[in-house]
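For reference, the chains in residue letters:
Protein chains: 2
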Amino acid sequence: MEKKTKKQSDEKVTKKLIELGNDVMGQLGQKKNPSVALPIRALSNIFFDEKTGLVQLGEKVSKRTYMNIAHTRKFMQTLLIAAECKKIISQNVTTSIRDLYYAIKHTIPETKENTVEDQSESDPILEDLEAALNTLRERLHLQADRKGYVAGPIMVNDRGDMIDCSKMGSSGWAIPSNVEPDLISFEKCSADFVLVIEKDAVWQRLNEDKFWRNQNCLIITGKGQPARGCRRLVNRLHNELKLPIYVLTDGDFWGYYIYSVIKQGSIKLSFLSDRLGTPSAKFIGLTTKDVEKFNIPKNVTIKLNEGDIKRGNEMMKYRWFEPKEWQDELKNMLKVGYKLELEALSAKGIRFISETYLPQKIKEKDFLP
Amino acid sequence: MEKKTKKQSDEKVTKKLIELGNDVMGQLGQKKNPSVALPIRALSNIFFDEKTGLVQLGEKVSKRTYMNIAHTRKFMQTLLIAAECKKIISQNVTTSIRDLYYAIKHTIPETKENTVEDQSESDPILEDLEAALNTLRERLHLQADRKGYVAGPIMVNDRGDMIDCSKMGSSGWAIPSNVEPDLISFEKCSADFVLVIEKDAVWQRLNEDKFWRNQNCLIITGKGQPARGCRRLVNRLHNELKLPIYVLTDGDFWGYYIYSVIKQGSIKLSFLSDRLGTPSAKFIGLTTKDVEKFNIPKNVTIKLNEGDIKRGNEMMKYRWFEPKEWQDELKNMLKVGYKLELEALSAKGIRFISETYLPQKIKEKDFLP
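Order-wise, the sequence lines are chains G and F. Using the working numbering, read the first sequence as starting at 75 and increasing by one per residue. Using the working numbering, read the second sequence as starting at 75 and increasing by one per residue.
Simulated from the structure, these hints should not be mistaken for laboratory data. Do not rely on the hints blindly, as some may be mistaken.
The list treats identical chains as interchangeable, and a pair is accepted whether it falls inside one copy or across any two copies.
[Claimed, not checked] As a list, the in silico DSSO-like pairs of lysine-lysine whose alpha-carbon atoms are at most 30 Å apart:
1. K161 <-> K367
2. K86 <-> K405
3. K89 <-> K105
4. K316 <-> K241
5. K262 <-> K284
6. K134 <-> K86
7. K356 <-> K106
8. K241 <-> K80
9. K297 <-> K160
10. K372 <-> K160
11. K284 <-> K356
12. K161 <-> K262
13. K186 <-> K367
14. K81 <-> K377
15. K297 <-> K80
16. K81 <-> K435
17. K81 <-> K422
18. K284 <-> K241
19. K422 <-> K90
20. K161 <-> K435
21. K148 <-> K422
22. K241 <-> K262
23. K137 <-> K160
24. K422 <-> K186
25. K297 <-> K284
Just so you know, these numbers come straight off a predicted model, no measurement behind them.
Looking at chain G on its own, in the form it has when it is part of the complex (with noise of 0.2 Å):
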């Protein structure tokens, strides 16, 4: 992991902007149809890299150009964006994207027409920005959404607050949007492993068991599909503290989906894979086998309906639900026809999770790759 100080950082996506607009004003100065060049973020340029484990984006480039209707709005969307983030970079402020949208938007004179009309107009721009610098947003200077918090024996120095997420009460320490190396650092840490959880109230019942402290673990919830700064920070302690990761979400397609979004990345945010994604994360439940195994009652189970059938013949076909293992959980959902919530656990004791199930299959590595 390259370790750059904020301002080498701040150097460095500069630069690219800077050398973004050159290319565009050498451009016009050879009178030629000025363009951008981005990498084509669609399903025909994503693939499974083996090597990595990752869901990567390919090599194909779409130029972006100002002489073509069809473009032109997005090319002088592209720009202004490019152009504002350089401002506020220089200005050494953080801004959230909405804020953006506003920041760009004017009515182009003596015209009637506005620069954007819409936020949903300047969010995709900002990821073709990325991906073309190939950079994050964060290092733009702009906040994703945050949620998520992490408890457990762990240090993290936070632009000189040190904060020691073993003793943050009942609420664990809030996961900033920005949790870059240049930001964020890890001072000091004991935990042997990391156990990701897709709900906060499982996590808040870990919490006040003091789960963490008796299986010496980090505990993180990112509150549904975590946020970038979720994953990056699970990405984080994964490479650099060399922490194994386990993965526990409901027992369904959407828990199932959530646990290879940790893994592998997302369709959408591919060309970060490298930076969110963590390739050896186990999942650790729930799975239908758990309901035998653990004699769960069939009562708290729930009826797949039609959608979860579909989405459950869709993912059978992912490379990356390829493995054997992986293809039974799934055959197996869909043949005895239920899903399970975590919360479902607790028709065996308020305690049966923190107490019975995690640690006995992390005893045993009962786990799928």
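Based on the hints, put chain F in the right spot on chain G.
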């Protein structure tokens, strides 16, 4: 503020639950048709209390009886939930309302009938029970959803962990779901006031600028409509530490409604208004008058849609928007025909909100009541 230890609080609410059970048992002993008395939580039993400035629940009570076919199922569920709450309190654990639903769900022996079908059945019964026992779900050891963050010069004691909210980096202190005084206490606070901010992105902006240090205040965001924990925290900061509360929301009817819930309480949870509402809170912005006063460019305003106009007309009739200043603002928004978000202030520069807008509003005490 009556301050109890956790043990005293547990004993008090357990006593209430036992009384509820004994009452039903007593009725059965006398071969009566058993019933439980529940405050009516409908608009017909809600009023705005001029003296306290809170939306409150009236005196009307309904009886939920076992031998009434329309009540039987709910009667059974009420007793199941009361029994489960007593159990989790005695085990000294906390759980979620989703867990509660799973814990009471089972098939009634020798029938195909489930005690509850889904959580939308158990949630309102729990609110009935809170109202009937005049208690909070937090005292019944149930977590509400949590969100929201705090930064500024206050030291919080969370079950023995001391959390310094001026040293929480870019995250802030995450507000727990349960902030009752037996668990969370304020150890030291030198702030002059509290700024409650609708949007997390704006909170992050102000935290980055260390607005709370420059203005010697606490900054809190509820991330949209604040969760119970956040409203209760604001209520306690005002009542116990005598801090003035200023609320900053988008300049739209939804933002004004969020303000009114922080100030007067909500219709749905009117039985908790004295614990969740803060009647002396003031509204700092945004208003349509700010657009003129601060010369905000018109192209960052958003045209009102039909739903907005309907909502605005409804809100003008609410007893708690009767003060002349609010009537003027609501009328003016309908007249100018636009709303605006906090991010609109960025059109004047990224630090405009922290360096000009807020300091000037606070200095001039330019508030709505």
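Against the structure, the hints:
1. K161 <-> K367: between (58 Å within a copy, 27 Å between copies)
2. K86 <-> K405: neither (48 Å within a copy, 51 Å between copies)
3. K89 <-> K105: within (24 Å within a copy, 85 Å between copies)
4. K316 <-> K241: The answer is both: 23 Å in one copy and 28 Å across copies each meet 30 Å.
5. K262 <-> K284: Answer is both; intra-copy 19 Å and inter-copy 27 Å each pass.
6. K134 <-> K86: So K134 and K86 pass the 30 Å test inside one copy only (24 Å; across, 68 Å).
7. K356 <-> K106: neither (52 Å within a copy, 58 Å between copies)
8. K241 <-> K80: Both: 28 Å inside a chain and 20 Å across chains, each within 30 Å.
9. K297 <-> K160: between (33 Å within a copy, 28 Å between copies)
10. K372 <-> K160: Between copies only: 25 Å across, 57 Å inside.
11. K284 <-> K356: The answer is within: 22 Å in one copy meets 30 Å, while 40 Å across copies does not.
12. K161 <-> K262: neither (36 Å within a copy, 40 Å between copies)
13. K186 <-> K367: between (66 Å within a copy, 25 Å between copies)
14. K81 <-> K377: For K81 and K377, the Cα distance exceeds 30 Å both inside one copy (54 Å) and across copies (41 Å).
15. K297 <-> K80: Both: 29 Å inside a copy, 28 Å across copies.
16. K81 <-> K435: neither (45 Å within a copy, 35 Å between copies)
17. K81 <-> K422: Intra 53 Å, inter 26 Å, cutoff 30 Å: inter-copy only.
18. K284 <-> K241: both (11 Å within a copy, 24 Å between copies)
19. K422 <-> K90: between (56 Å within a copy, 27 Å between copies)
20. K161 <-> K435: This pair counts as between: shortest inter-copy Cα distance 27 Å, intra-copy 51 Å.
21. K148 <-> K422: between (56 Å within a copy, 24 Å between copies)
22. K241 <-> K262: Both: 14 Å inside a chain and 18 Å across chains, each within 30 Å.
23. K137 <-> K160: For K137 and K160, only the intra-copy Cα distance (22 Å) is at most 30 Å; the inter-copy one is 66 Å.
24. K422 <-> K186: between (64 Å within a copy, 21 Å between copies)
25. K297 <-> K284: Both ways: K297 and K284 sit 19 Å apart in one copy and 28 Å across, limit 30 Å.
Hints 2, 7, 12, 14, 16, counting from the list given before, are not met by this structure.
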